[in-house]
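A.B. asks: Residue-level listing of the chains:
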Amino acid sequence: MIQDIKKEILYGLRSYRFLILFVGFLFFAMLDPVMTKFIMPEIMKSQVPGITQEALGQMLGTSQLAVMSAYMNDIFQIGSLIIAFTLCRLIAQEIRENTLVLPICSGKQFAGIVLAKIIVFGTALLLFSLIGALINYLYSGILFSYDLSIISVVRSGLLQGVYMVFLTTLIVMWGVIIKKPIATGFLTLASAFGLYFIGGALQIDSYLPSGLIKEASLFAVIPASTLLQTLSITVGIILVLIAVTLIRLKKMEWNER
Amino acid sequence: MIDTTFEITREILLMLLPIIVLHLGLAIFCIVKIYKEGVQNLNKVTWTLICLFVNLIGPIIFLIVGRRKEN
Amino acid sequence: MIQVTELHKKFKTFHALKGITMHVKKGEIYGFIGKNGSGKSTTMNILAGLSHPSSGKCIVGEKDVSKIDHPSELNIGYLPEDPKFYPWMSAFEILDYLVSAKSNRTNKGRINEMLSWVGLEDAAQRHVGGFSRGMKQRLGIATALIHNPEIVILDEPSSALDPEGRSDVLRLITDLKQMGKTVVFSTHILSDVQKVCDKVGIIATGRMITEKPLSELIKENIVPIYDIKLKLPADTELTEKIKELEGITRVENINDMLSATVTDTDKDGVRLMQYFTDQKLAIRSFELRKNNLEDIFIQEVNGK
Ligand SMILES: Nc1ncnc2c1ncn2[C@@H]1O[C@H](COP(=O)(O)OP(=O)(O)OP(=O)(O)O)[C@@H](O)[C@H]1O
Ligand SMILES: [Mg+2]
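Protein chains in written order, with the working numbering: chain A, 5 to 261; chain B, 2 to 72; chain C, -1 to 302.
Just so you know, the hints here were simulated from the structure itself, not pulled from any lab data. Computed from a predicted model, the values in this text were never measured in an experiment.
Derived DSBU-like pairs: lysine-lysine, alpha-carbon spacing no greater than 30 Å straight-line:
#: 1; chain 1: A; residue 1: K255; chain 2: C; residue 2: K134
#: 2; chain 1: B; residue 1: K34; chain 2: A; residue 2: K10
#: 3; chain 1: A; residue 1: K10; chain 2: C; residue 2: K134
#: 4; chain 1: B; residue 1: K34; chain 2: A; residue 2: K183
#: 5; chain 1: A; residue 1: K183; chain 2: A; residue 2: K255
#: 6; chain 1: A; residue 1: K184; chain 2: B; residue 2: K34
#: 7; chain 1: C; residue 1: K265; chain 2: C; residue 2: K217
#: 8; chain 1: A; residue 1: K183; chain 2: C; residue 2: K100
Assemble the whole structure, with the sequences as input and the hints as a guide.
C.D. replies: So this is what it looks like as structure tokens:
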């Protein structure tokens, strides 16, 4: 298991997966506040001549809360996209290209292989979510004002991170089922966004992982009473996805063409 | 009036500086890779332009789909 | 050690194995031969526990391959036909990673020993992505043997190797035999089979058509013809006289080489020799014609 984790870390570093993901978070964390403060108003002004400062503020949001919520939203939408296609090869490629054949013949357990992937990339994403939220807090604080409490920012960063662990598990499960990297990326996004919309439409967000994203973008001083429930359901879903992955791996035919 | 515009530009620059530095660092890193290891899907010049001029996302796209078979 | 009975394997639309039966005893070197696409790799994948049989029984070691939860329960060493590695890892790192599956300590000594054994000590720290096909094959052989298994299954171990590498593989197989290990390997190089195998299995279109000890196979396929070269070229008169000898069915004289077809290789051979001695004819060579494995293989595959 330790060796599996070491291997995944090596992969993350040498294939620049960590770098890509980290830059993805940084990009939105740093650029979003700058865009809202300087660039968007200019664009709006040129599009709608004579627009008042107040109307602008209402449309774009000038508080730290508005900016950080927008950041959370961007990470959920575009960030998920980057993550899905950066990590879609995580296991699908290994199955497709038979690189798992020798490890398995040498006695590597499926659980170890799968858990190592989820632990390494899940932790990385959790960390990047947290760092991203803090940098975004810093930037939006300088440009607007520090109205949010740092605790709620840390909490939101962590909640988003837990959601990202769920996303990683989703990638691994679809990879094992479909065995094709690009299709894995699309299915992951389809199921992640699908759950989000279902949650929104039926108002059952607090029973779904997408509830974490909603909660995170509120930056509430006191978290919703349903948060614990959302968290435990998410952990439950993660465990179910891992179980499905392992069952599927156990029945797999290896070394196919 | 002129004074405030100047203020804002400097402020923008100051805020953008880390992004620009990050972008340039990443772009140079990718361009070194392009000429040292080779590319796939598009040619070297196109990748270089993408890395240089598409802010941050350019280098990321290159690292995901432009790198020659990882080795 | 390995018992396979009536093994079938169906892919979606293709019936690849139509009844493979094979027996490998402990300590035996088993050569697995057959044309391209005859089902060697398919069989070996099943033996390694990587692929599931459609029907039939397959026992490797003491375990039934359809009753295991994980291929490594078979405790064998397996070299796939086309071994694949992580291109971003070095040869040393790969072996280190694979060794760790069964022992907790990294065994640097063992890894370096294996690497120099397969001739990769100079490339140990290089990333495998830059390896040639033959270097990957060598690394694959090292991975198959890293856990020192009792049963070793090698799918075309000498493919892509240089002549030195090929003789290294033969040396390795004889070494393994000396250590009492059981080896099953497939190959297209029949002279290699002739050099090291105890037993041969010939497979054609998914069926085992012949499975015999090598010596028996060769003996059975001896052609009862003696090729004789005399000091003075034989004339027609001599040819006719030989033809009249007991047990001789046919005599040919081509390019000063007498070829006598006999009924009983042993008795008639002695009789022939006796005749030449009696006639005081000097003999340059006197040989029973041998069929090599190549001929036998072609005969078996096409004949039955
Ligand atoms: N996954 C698969 N799906 C469909 N057909 C397959 C599959 N794998 C193998 N086959 C077919 O099964 C037959 C046997 O293939 P196999 O690889 O076992 O041959 P082989 O004896 O190893 O040949 P070679 O000497 O070329 O290595 C071939 O006709 C092949 O096309
Ligand atoms: Mg084969």
